[in-house]
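Asker: Chains as they are written, first to last, in the working numbering: chain G, 628 to 859; chain X, 628 to 859; chain U, 397 to 615; chain R, 397 to 615.
It is worth saying that the hints were derived from the structure and are not from the lab.
Worth double-checking, as some hints may not be accurate.
Said to hold, decoys possible - Partner residues aside, some chain G positions facing chain R, computed with beta carbon under 8 Å: (1) G728; (2) S729; (3) E732; (4) R735; (5) G757; (6) Q838; (7) R853; (8) V855; (9) P857.
Every residue, glycine too, gets a C-beta built ideally from N, C-alpha and C.
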Amino acid sequence: MNKVVKNPALALAGITDGMTLMVGGFGLCGIPENSIAQLVQMGVKNLTCISNNAGVDDFGLGLLLQGKQVKKMISSYVGENDEFERQMLSGELEVDLIPQGSLAERCRAGGAGIPAFFTPAGYGTEVAEGKEVRMFNGKPHILESALTADYAIVKAWKGDTEGNLIYKATARNFNPMMAMAGKITIAEVEELVPAGTLDPNQIHTPGIFVQRIFKGEKFEKRIEQRTVRPKN
Amino acid sequence: MNKVVKNPALALAGITDGMTLMVGGFGLCGIPENSIAQLVQMGVKNLTCISNNAGVDDFGLGLLLQGKQVKKMISSYVGENDEFERQMLSGELEVDLIPQGSLAERCRAGGAGIPAFFTPAGYGTEVAEGKEVRMFNGKPHILESALTADYAIVKAWKGDTEGNLIYKATARNFNPMMAMAGKITIAEVEELVPAGTLDPNQIHTPGIFVQRIFKGEKFEKRIEQRTVRPKN
Amino acid sequence: MALDKNGIAKRIAQELQDGWYVNLGIGIPTLVANYIPEGIEVEFQSENGVLGMGPFPFDGEEDPDLINAGKQTITTRDGASFFDSATSFAMIRGQHVQLTVLGAMEVSQNGDIANWKIPGKMVKGMGGAMDLVASAENIIVAMMHSNKAGESKILKACTLPLTGVGCVKKVVTELAVMEIKEGKFYLLERAPGVSVDEIIAKTEGDLVVPDIVPEMNLN
Amino acid sequence: MALDKNGIAKRIAQELQDGWYVNLGIGIPTLVANYIPEGIEVEFQSENGVLGMGPFPFDGEEDPDLINAGKQTITTRDGASFFDSATSFAMIRGQHVQLTVLGAMEVSQNGDIANWKIPGKMVKGMGGAMDLVASAENIIVAMMHSNKAGESKILKACTLPLTGVGCVKKVVTELAVMEIKEGKFYLLERAPGVSVDEIIAKTEGDLVVPDIVPEMNLN
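Sequences are here, hints too, so could you generate the full structure?
Answerer: Structure (structure tokens):
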């Protein structure tokens, strides 16, 4: 079941104006860089992007914001992106801010066929407005619904020809749940190996969740907050 | 944060009559054999056991049934155990049969602080009796609640002193979710290694979910349905 | 002549499409894996936590840690993966599995299925069947047309406790291939040498019979 | 004298108990990791998917794939593990993390906290804060007693959009340690050299002051 495509253009074929995309990553960590560059090149507009962050002004999803390709962002934290904040405060950009854990769980729910679940997060805040509240174990919870996307675009460390994926360190973050929740899921990987190479015990995302896979040409992997201690 | 205990007796200390236990495994695959033997020896009674299966008559949880130690079983499939069926049909044993996917998800929910979720499984059947029904995407779903346990007892292949676990093949099954859902989680492992030995990318159950860990003395690993093809 | 279990499996295997992920239930469905048509590739999922099942192991090479949902020892193919039960049912509930094949005690003309319990007599539990039938878009039931007493199991309404409601799309028995739609069974094919009259006689549910009912082609 | 940020972190570190899993928010809370009392062992969780965080990397050894929730490059200790965001918040929501330390713009006497939004001015998003405060049994807020304009941030009621309701149990500022219970702030300790009068003056919320308010011991 070979799912390999040659390049980002073939991988992202079918994405058109107005679609909903999930994009993996946390800040600039574990983002599908090559696919984002391709989205910029394709010039698709009016996208709804579900992604924990919005990148920085000149990298990650920030590039789509710069090009005014995004109609709506669904995120938990956008603090590192001035252009985002500007577009949001001016009303150019629709923004749905969601608690990070609810965002992760809503993506997983979307992939797992769970249409809704109760969580305590956000009770008593703006996030709960219009949502059903119910007590469990003496504590109020709100009902949150599943999220899905026309396309999910994720970044993995290693992948095989069947679409099995392994992530590295904290570059895993939202990628596995988003891979589950895309109607079509596209994976870009640093290393692409034949099926049978990866240990079946150690697959993070089973290939069933991935429809297309390609080897990214180049990964810049920018660091947002370089923090170090001096070598003695 | 050393969580190692020397033997099953120390690992299971604190389990008393009337408690609710989760026990990992699927059939006889991936079951905590040494802990079950210890429960038999302890003679604790009136247990509520949450486990996908009930073992066979003379192995796995079947041993607890034989000793009449179990008041109630919460399972999805009990087909391979005659004593179970006898006790259930005679009314000696309370049984709550749950769709396997709902059982798995309810354990995960218990561990993840999700008190309830909607699923389509069981709608229109006995399982849905008394449960809230709601339509999502034009399809009826029922509300299922989280499961937790006083103690969860799981079996892993490798574990480290911090309680990180790695499972082998399909012996993983319910163990990871049950590890999440126990107020106290006990892991028995085939191989116990120092912290730092296992690759942090490849941990199936992070140590935060495990309170006590011990190396099982002996694993019989009975096969329920030995199916083979002849060597040519 | 009525098909045997392998014949039923062989006919169902013709429904497989290239690139599909497939879940096979215990019993006849398991046999489907032996008849994958040439030129297509499918992956088998088992709900206890494996994708990419291969054939049974060679004698002496069984691994007790590697079984399918029927608790049978199995092997894996290149590209296989293991996962926990919650993830496994995420695949099923989330409709990532394209075809589910399972057995049944009864099927009704509105697509209800009963296959887990005979009150007071047999209670094995539903296992993963309720999740599978509630979620799968494409369910084929593999079953015998009648029970041992000769009573039809292809019914107007199920008499046993249900596993799922309005979910079965297709039924393959030793006698016939039937589609379920608009509250009726539609006879699509008959087993080689089996008469339409025999199928009508053994079907309690409403059966729509076209003028020409082709024989299954099992070659 | 009022504490600096490190002083606040040092005082909070005294609350750590052996064997705890701890989540530290961005800002002052991050500094708590530098002051773990001798003889106790704690593990730090970061909600982007790591357990067992170590110190910052040596210059030149940063790994862009290894960051904390503040997007800072980090290292891991022996026994660390990585996991996805859903599992990470399963740990948090499921109350497997024993202590959460986070910053705040405002805290009220019934335990409400606001730390994610200033309408029309600043909208960074709540990140994981709403999940953390809604779930943690044990939340300590690390914050300054007043804002830059000199107005108290220890209030009868929050004026900014809330992050969570009735969840904060303890507040440590540059001036004081306060417990929140029964709808009031209880003054437990004052910073070395800081007068009770100054704390009273800078606290807008109802403050219960005992006869003797010990100084923090930061040695």
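Asker: Which of the listed hints are broken here?
Answerer: 5, 6
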